[in-house]
Structure formats: C-alpha cells, structure tokens
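From first to last, the protein sequence lines are chains A and B. Start counting the first sequence at 47; every next residue gets the next number (my numbering). Start counting the second sequence at 442; every next residue gets the next number (my numbering).
Hints may contain errors.
[Stated by the list, open to error] From the derived model, a few chain B residues whose C-beta atoms are all more than 12 Å from chain A:
id	residue
1	E456
2	H516
3	A537
4	S540
[Unchecked claim] Now the stretches of chain A that chain B is said to cover, found in silico as 3 or more residues with beta-carbon under 8 Å:
id	segment
5	62–72
6	82–88
7	100–114
Simulated from the structure, these hints should not be mistaken for laboratory data. Predicted, not measured: the structure shown is a model, and the values here were computed from it. Glycine included, every Cβ here is placed at the ideal spot set by N, Cα and C.
Residues per chain are reported as follows:
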Amino acid sequence: DTGVSQDPRHKITKRGQNVTFRCDPISEHNRLYWYRQTLGQGPEFLTYFQNEAQLEKSRLLSDRFSAERPKGSFSTLEIQRTEQGDSAMYLCASSLGASGVPSTDTQYFGPGTRLTVL
Amino acid sequence: GQQVMQIPQYQHVQEGEDFTTYCNSSTTLSNIQWYKQRPGGHPVFLIQLVKSGEVKKQKRLTFQFGEAKKNSSLHITATQTTDVGTYFCAGPRTNAGKSTFGDGTTLTVKP
Numbered sequence: 047d048t049g050v051s052q053d054p055r056h057k058i059t060k061r062g063q064n065v066t067f068r069c070d071p072i073s074e075h076n077r078l079y080w081y082r083q084t085l086g087q088g089p090e091f092l093t094y095f096q097n098e099a100q101l102e103k104s105r106l107l108s109d110r111f112s113a114e115r116p117k118g119s120f121s122t123l124e125i126q127r128t129e130q131g132d133s134a135m136y137l138c139a140s141s142l143g144a145s146g147v148p149s150t151d152t153q154y155f156g157p158g159t160r161l162t163v164l
Numbered sequence: 442g443q444q445v446m447q448i449p450q451y452q453h454v455q456e457g458e459d460f461t462t463y464c465n466s467s468t469t470l471s472n473i474q475w476y477k478q479r480p481g482g483h484p485v486f487l488i489q490l491v492k493s494g495e496v497k498k499q500k501r502l503t504f505q506f507g508e509a510k511k512n513s514s515l516h517i518t519a520t521q522t523t524d525v526g527t528y529f530c531a532g533p534r535t536n537a538g539k540s541t542f543g544d545g546t547t548l549t550v551k552p
C-alpha cells in the first residue's frame, strides 16, 4: 500500500495523559498536513510541514499540541495533558508541490486516528 | 479569515434522483477543491476548479465554479447507493499550507 498511513487507528486515553500519533506520508511527498475533524464538521487545519520545516500552525492549537517532522518523512503529533474536548479524528494528509507556490497540488488523506478522551 | 459555507447540510434522495450541493465563499477564491468522505472513511480528493465559470464532469458528477469565483456546485445525476457520503468543498491553500473546508453536505440514498 503506497498511500498515507496513520498509527494508531484508535486511541482511548484518560484525561490528563499524553498521546502521540504517527503519520507516514506517500514517500515522495514533500508536504504534510495535520487536520482535526469532529462529527458533522469538515476537517479543521492544524499544522503544515514542507519537508522538515513547520511553516504554519493554527491559532486554534494550544501549547499542549506539538508536531514534528524531523527528517522530512514521517511526522508525529503529540497532545499533552489531554482534555475531553480533544476527542476527535486526527487526519494526516500529504502532497507533492513546488516551494513557495500557492498550493494547487492534490492532498491525499490517511485513514485518521480516532482519539477518545475519557 | 476565509470561510466557505455549504448547503444543504443533509440531503436524502431516492435512488435515481439528482443531487446538488452548493459551496459559497465571502471572498474570491483562486481555486476550489471537492472531496468525498464515505461513512467511516477519510476525505478523498475528487476535483479542483481554477478558472472562472469552469465546468468539469466526472461520469455522473458535474462540478461548476462561479463566474465571480465565489461559489461552486457539485451535481450528481441519477444518484446511486455508491454515492452515499459527505461531500466537502475546500478553499485554496495559502503559501503556508492552510486551507478551509466547508462543513459538508451529507447525502443518503434510499434504494
């Protein structure tokens, strides 16, 4: 399978615990995005990497959220001190695009990680 | 900031009937993308529209971009049960990768 993969697919945790999700993009894709989606809503942008550089982070993201893409390949999203409001589907997407160009490249989404905070 | 609004939120049709969802923006869009998300699945890219007044077809799906590039529509002719899902439009991504999705139109098809 050469698509975007995410791990784990489901995570149940207790409030206050830390969680980390992994995303493996399509291998040649230089761009990687994280989104959050709750029931009845569209995907909500969280952050964006071009290669290993994090170029944008949503103001909706609190300091409890951090993302990395250390080698420009896979990425991790960590949520510290989880809250019940963090329960959502966390989607990763990747694309291949030229640097500095307004993006028209196609995003390919992974299957998501469903987080439930008890 | 950029906002895209979709209507209707839900649409229930009998198999064979047509379906249309509309996407409206408060600002002019350089491009717009459409995605489909099946129940329990993830968004899958359908198409991108770039030109004013552009019309693109994919089998029974017809996509339009308004002349003012502030609205778009997706029309499905003679729906089938395989068309079930939520259809999202998304505004263009900024240089910093940020894009805004609408809240989608969820289509159910009764056989």
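Fill in: Nearest-CB test (12 Å) between chain A and A537(B)
Violated: least Cβ distance 4 Å, not greater than 12 Å.
Discussion item. Verify this label for me: S540(B) is non-interface relative to chain A, using a Cβ-Cβ cutoff of 12 Å.
Written reply: Non-interface label on S540(B) violated, nearest chain A Cβ at 6 Å vs cutoff 12 Å.
Worksheet item: Is the Cβ of E456(B) farther than 12 Å from every Cβ of chain A?
Response: holds, 24 Å
Item to complete: Mind verifying the non-interface call on H516(B)? Its CB should be farther than 12 Å from each CB in chain A.
Response: At roughly 20 Å from the nearest Cβ of chain A, H516(B) sits farther out than 12 Å, so the non-interface label holds.
Practice prompt. Verify the coverage statement for the segment 82–88 of chain A against chain B, using a C-beta to C-beta distance below 8 Å and requiring 3 or more qualifying residues.
Written response: Holds: 3 residues of the segment 82–88 of chain A have a Cβ under 8 Å from chain B.
Item to complete: Between the segment 62–72 of chain A and chain B, see if three or more residues pass the 8 Å beta-carbon test, and mark the coverage as holds or violated.
Response: With 0 residues in contact (Cβ-Cβ under 8 Å with chain B), the coverage given for the segment 62–72 of chain A is violated.
Discussion item. If you count the residues of the segment 100–114 of chain A with a beta-carbon closer than 8 Å to a beta-carbon of chain B, do you get 3 or more?
Written reply: holds (count 3)
The structure shown violates the earlier hints numbered 3, 4, 5.
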